[in-house]
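Construct the entire structure; sequences and hints are all you get.
Quick note, the sequences are listed as chains G and P, same order.
Be aware that the first sequence starts at 1, since it is given in our numbering, and climbs by one per residue.
Be aware that the second sequence starts at 1, since it is given in our numbering, and climbs by one per residue.
Bear in mind the hints are in silico, worked out from the structure with no lab data behind them.
Honestly, I wouldn't trust all of these hints.
[Claimed, not checked] The following residues of chain G were derived to be distant from chain P, with all beta-carbon distances above 10 Å:
id: 1; residue: Phe35
id: 2; residue: Val45
id: 3; residue: Val51
id: 4; residue: Glu90
id: 5; residue: Ala113
id: 6; residue: Gln152
id: 7; residue: Leu217
id: 8; residue: Ala274
id: 9; residue: Pro327
id: 10; residue: Asp332
id: 11; residue: Gly336
id: 12; residue: Gln343
[Unchecked claim] In silico lysine-lysine, DSS-like type, Cα no more than 30 Å apart, as pairs:
id: 13; chain 1: G; residue 1: Lys324; chain 2: P; residue 2: Lys112
id: 14; chain 1: G; residue 1: Lys259; chain 2: G; residue 2: Lys324
id: 15; chain 1: P; residue 1: Lys34; chain 2: G; residue 2: Lys341
Glycine included, every Cβ here is placed at the ideal spot set by N, Cα and C.
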Amino acid sequence: MTDASMHDAAPQNRPASLLTADARTRRRKAAETRFRLMGVAAISVGLLALVFLLTSVLGNGFGAFRQTVVEIPITLDEAVLDKSGTRDLEVMKKVTTIGYGKVIQKALEAELANRGIDTSAVKAKDVMGLMSKEAAADLRNMVLADPSLLGQTITFNAFATSRVDGFFKGRVTMESAKLDSNISPEQLQIAQAMHDAGIIETKWNWGFLTMSDSSELRPETAGLGVAILGSAYMMIIVLVLSLPIGVATSIYLEEMAPKNKWTDLIEVNIANLAAVPSIVYGILALALFINFMGLPQSAPIVGGLVLTLMTLPTIIIATRAALKAVPPSIRDAALGVGASKMQSIFHHVLPLAMPGILTGTILGLARALGESAPLLLIGMVAFVKDFPAAPPQGLMQPATALPVQVYQWTQRSDPAFVERASGAIIVLLVFLLLMNAVAIVLRRRFERRW
Amino acid sequence: MNDMRIADRKVSTETAKMTARGVQVYYGENHALKDVDVDILSGTVTAFIGPSGCGKSTFLRCLNRMNDTVASARVLGEIKLDGENIYDKRVDPVTLRARVGMVFQKPNPFPKSIYENVAYGPRIHGLTRNKAELDEVVEMSLKRAALWNEVKDRLDAPGTGLSGGQQQRLCIARAVATSPEVLLMDEPCSALDPIATAQVEELIDELRSQFSVVIVTHSMQQAARVSQRTAFFHLGHLVEYGETGQIFTNPKDPRTESYITGRIG
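As structure tokens, then:
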């Protein structure tokens, strides 16, 4: 009828042949190609940045897992270390680290003389300066823990001072040592001679993962132990609190709550909470948990609670999305055979939503693990030397966290701490990768077809 | 009535199993169903026909209160099952749905094993005392749904792995397993091919001996084939309700005649 006229002639702009592209087609094709190229360029830039980050972090950080160690035989002289000869710990404790330092110095000098290494170029104190200041305390702890060592000759491993360590890792050179008040080129020459003699070597250092933080003066003994433990405690708290609360909240809001302006308001607010800067949560935690409720500062319980608050919106949003994605036909099927609302949710909807919920939870946890800003405000940035006890008491004792430890170490002046900060970042990245891997595995595991 | 053996149940085709009087349904402001009176008889297949949006599915979902899940839906009037008003405040829809089962348009087996699909209803209603009894119920339900021979060797296989027709029969077995008294079917064959449709229709006829069956269908041939009574809905009104043969051969209302002869709908 009316559309018959359309067939009268070919439409305008139709090219004569399929083999030749007209201007319009060429323009469209060019636009597509441009977009494609921009995409490739953007990804390349991103990959380059990633490579740069990884080389920088890995290049700087791997050194933290290796540490230079001095290994010398020491005769633990009874006459010096336990004058009374009673092996009474109270009496033995009266010998301070200064006393042990002298024993080590004597042993070191003897060993150097024995190996024919000339130390005449430096003062006796500077020879001792090749070793970590921690060495005397280590030896003292060793003896107090096992007094039967007294009188024996033991092989004692002590960390070299961070400058010597840096020399063998290439961070410190003869030139830089000339300008350095902490080390001299002469000392480094002795260190080199000791290395050649096999007294000094650079070894794998588990201590980086197990030891606690140390002061500015002895970076060689700084480790992540307290930070890893603190982060682990907080993650346990976050998981235990945020998963059940978050999932229950989502189920209520998504499946049970009436849909009205109040639930709309709550929904909007939850979405907004996910975008609130984390430092704001820190202020909230400071005011609520510490000032009002009187919980201890620097404690994993407070850190865990604030990170729970931060993670909850993420988990709720992910869980609600996962619940929404479950086809309504499954709910109908369950209700149709006479299941109650709760039964239909817990028997059918929740299992189907599980992959999404777990992925959301683990991503939320990963974000919480890497979060440092709120922890600064609740005092977890403190210098913590003592390990927190096992839970539950440990949750109330001071600890630090991995990202805060990174922040702390980057603030210190000694370049040895740059290496350790990078090392800590590697540890953090490994944990994050592991958590993401777990998320993928769980997702695969729970994924079902319907 | 607590006896699981459905076959022993006596049904009379003369009594009204469910009676609806003056049923009105509103979705928010929309008056979807206007003043519907229907008697669902025992041992009978009742077909609801009518053009899309006429309210036949809405009415079906009123019969086991599935409309409760729609927040904006409001149901007025009275629907009785064996003389008890199902919209009474004291009625728990859960026990109602165990007695008035439902099969949906699209096969929707649970993403679980075939066995679990069928066993779910009896299990949540506590209809069996032990595993042996449950096994028996599952076997009987699958036989009743004419699926047993096809799946008896793979009861642990996922229900979602079956073909479309098998899935729909599995859903029927699942609905039958709670031994309902009325079985509601919402266009059960619309997603099936002709062969599966024929199987399900045959099944519906057999199910009639134990249940009242109510089926919503778009296909008038199907209504004519399987039902004894037919209700024609149009624009939210129940236009005509009577013997299937009479509706199709001698409709009283001109609208019914227009619809079955293909002039409206």
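For each hint, the structure was consulted:
1. With a cut of 10 Å on Cβ distances, G/Phe35 stays outside the contact zone with chain P, its closest approach being about 39 Å.
2. Every Cβ of chain P is farther than 10 Å from the Cβ of G/Val45; the closest lies at roughly 42 Å, confirming the non-interface assignment.
3. The claim that G/Val51 is not at the interface with chain P holds, since no C-beta of that chain comes within 10 Å of its own (minimum 42 Å).
4. With a cut of 10 Å on Cβ distances, G/Glu90 stays outside the contact zone with chain P, its closest approach being about 69 Å.
5. With a minimum CB-CB distance of about 78 Å to chain P, G/Ala113 clears the 10 Å threshold, and the non-interface call stands.
6. In this structure G/Gln152 is separated from chain P by more than 10 Å, as the shortest Cβ-Cβ distance comes to about 67 Å.
7. At roughly 62 Å, the least C-beta separation between G/Leu217 and chain P is larger than 10 Å, which holds for a residue marked as non-interface.
8. No beta-carbon of chain P comes within 10 Å of the beta-carbon of G/Ala274; the shortest separation is about 26 Å.
9. At roughly 8 Å from the closest C-beta of chain P, the C-beta of G/Pro327 falls inside 10 Å, breaking its exclusion from the interface.
10. Not every beta carbon of chain P lies more than 10 Å from that of G/Asp332, the smallest distance being close to 6 Å; the non-interface claim is violated.
11. For G/Gly336, the shortest C-beta to C-beta distance to chain P comes to about 4 Å, within the 10 Å cut-off, and the non-interface label is violated.
12. At roughly 6 Å, the least C-beta separation between G/Gln343 and chain P is not larger than 10 Å, which violates its mark as non-interface.
13. The hinted pair formed by G/Lys324 and P/Lys112 meets the criterion: a straight-line CA distance of about 20 Å does not exceed 30 Å.
14. The suggested pairing of G/Lys259 with G/Lys324 holds, with an alpha-carbon distance near 14 Å, which does not exceed 30 Å.
15. Our distance criterion of 30 Å between C-alpha atoms is met by P/Lys34 and G/Lys341, whose separation comes to about 29 Å.
Violated hints, listed in ascending order, are 9, 10, 11, 12; each of the other numbered hints is respected by the structure.
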